[in-house]
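Participant: Count the sequence shown with mature numbering (1 follows the signal peptide of the UniProt record, and there is no 0) and you get residues -25 to -1, 1 to 565, in order.
Some hints here could point you the wrong way.
Claimed, not checked - EDC-like, lysine to aspartate or glutamate: derived pairs with alpha carbons at most 16 Å apart:
| # | residue 1 | residue 2 |
| --- | --- | --- |
| 1 | 222 | 194 |
| 2 | 540 | 292 |
| 3 | 222 | 385 |
| 4 | 430 | 336 |
| 5 | 386 | 427 |
| 6 | 403 | 385 |
| 7 | 129 | 194 |
Since the hints were derived computationally from the structure, they do not count as laboratory data.
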Amino acid sequence: MKNNRRHMSLWGAGTVMALVPLLLAGCGSSSTNASSSSSSTSSSPPAASATTTALKPVKGGTIIQALGPLVSINWYLPLRPVAYNSLYDAWAASLMYKGLFHIAPNGKIDFSRSIASSITWNKSGTVYTVKMNPKWHWSDGTPVTANDVAFTWKLIQAASAPNAPAPWPYAGADSGGVPQLIKSFRVINSHEFQITLTQPVNQMWFEYDGLSDFMPLPEQAWNRYPNNVDQELSYLASNGTNVNFFKVVDGPFRLTNAIQNVSWTFTPNSHYDGHKPYINKFVLAYETSETSEVNALQTGTVQVGYLPLSMYDKRSELTNDTLVPSYGYSIARTILNFRSPSVGSILRQLPVRQAMQMGIDQQAIIDALYNGMGVPGTGPVPLHPKTFLAPQLIHPLYNYNIPAAIHLLEKNGWHMVNGVMTNDKGQKLEFNVEYDAGSSTTLAMVQILQQDWAKEGIKVSLTPLPFATMLQYHHQPTKWEIQTGLGWSYGGSYPTGGGMYETNGGYNFYGYSNSTMNALIAATHAPQPSPAAAQKALDAYELFAAKHLPNLWMPVPEGLSEVAKNVHGVRSSANNFTDSISPQYWWVSP
């Protein structure tokens, strides 16, 4: 489902990605006949890497992958509320449960690895018909059917409601048009269903951002309260971290053991109908610090992990590993809490946000902290690859310029009092900035922000927090003012801003609201006569977001993955476009 795709992550931490170019371009779909269209397909299996072509996969063994420092997995259900919508929670769920379709590294749907065997739509883009491959089964032998998708739809509808029981609402609510644009959901037969929308839409947007919500869930195992959906949601939430609950799966692995803040152990699902794992055990390991992660790589305690950019000089000591640099399809943001009762009214002022953006020396951060391995943040769409990037945003619209920022603030009613910008109401540009406690690089970055903003008369205090705690605060406006050190992974979705920047977007927990932004986002969701026209609508949204600053744009560091030399398949099966992992393709040589 969609929130398996869009999620919070730490900048450059813990994501294993291959250097695979994105080939997807435009917003069109291939025509099959006069009245129906369907999505493009790619049936190629993961290519073998140069290091594995001469070796034959061996069964057995254990592979341990380190998470980023202080990163925990806090939710195992595929259906997630905002507080548990992290990349790492998504990894855990995706190992056990298959999405409706698999997106390959080239950005196309690979139906050979998908539950869906085809997706078609009518000419106006209002009716979508999905056929399901009957080969897929749950681990209890029950077929994966359209009734399982109907069960998912029932849960999404209820979990998206404002009055849904805690910890809901659903993180993906209103992103991709789900559920608000769904007029009807109909089961045609056991392996076919149809969705009708209330209005025509951009077909590619709905396919990637809407239909991706409809991950089959095991109705026969989980539907304890068929006549009371709120009770069902509470029941599922109560089992969100219960290892024993996740016995019926359709993915390559089962979760067999979990020790919070230690490790999460997965073993193969012997009934999996796809590519069965080679390894006997896959473990996601908690790390207490960047140093502990590098030490674990150096001693071989973990076989897959990441090299912090702050410890880049240690790369020569990791003689048993291969370094794999890459960019995911993600952006880095400093998030502003427009709902904060203490500073929300100040952050809603565009000149304040503009001054803050002009106080971020992105190139200095890249050079000093990322060893030159990074790119500036320019707007809501990543620079790598440039497939959907507006050409005007190859470079930032706001450059580092302290004098210009001071002049802008003074022009808009702020004046320096004892080193702090103050207005006639007595309000001061003083903020608390929360950041990821596990990264020394992030600490150095926020210290640079603190120093440069102070030159503008913007005073900030710094509060380190665990990643999970930062996520927990998102729906508690009084708990935070500004957060940084968090990334945003598009995870295979069409990079429009409906979830993040629409007034009622499911991921817009920070309260940004602007009527022009809403209209521009709506245009990216509307049907367009050509891929060029669709990109033009996307460009207009990107440019406005880049200028209007619904958050502050931060530099994106290159991810440095480390893989043990006797572990194979990691690079060849990795996916830049979705930021996902596929350890069923990994294996260990003697």
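Participant: If a hint holds in the structure, say so; if it does not, say that too.
Facilitator: The hints, checked one at a time:
Distance check on the hinted pair: residue 222 and residue 194 sit about 13 Å apart at the alpha-carbon level, within 16 Å; holds. The straight-line distance between the Cα atoms of residue 540 and residue 292 is roughly 14 Å, inside the 16 Å bound, and the hint therefore holds. A distance of roughly 62 Å separates the Cα atoms of residue 222 and residue 385; the hinted pair therefore is violated under the 16 Å criterion. Restraint check for residue 430 and residue 336: the C-alpha separation of about 12 Å stays at or below 16 Å, so the hint holds.
With a C-alpha separation of about 20 Å, the suggested pair residue 386 and residue 427 falls outside the 16 Å cut-off, and the hint is violated. Between residue 403 and residue 385 the CA atoms are separated by roughly 13 Å; this keeps the pair inside 16 Å, and the hint holds. This hinted pair checks out: residue 129 and residue 194 have alpha carbons roughly 11 Å apart, not beyond 16 Å.
The structure does not agree with the numbered hints 3 and 5 stated previously, though it agrees with the rest.
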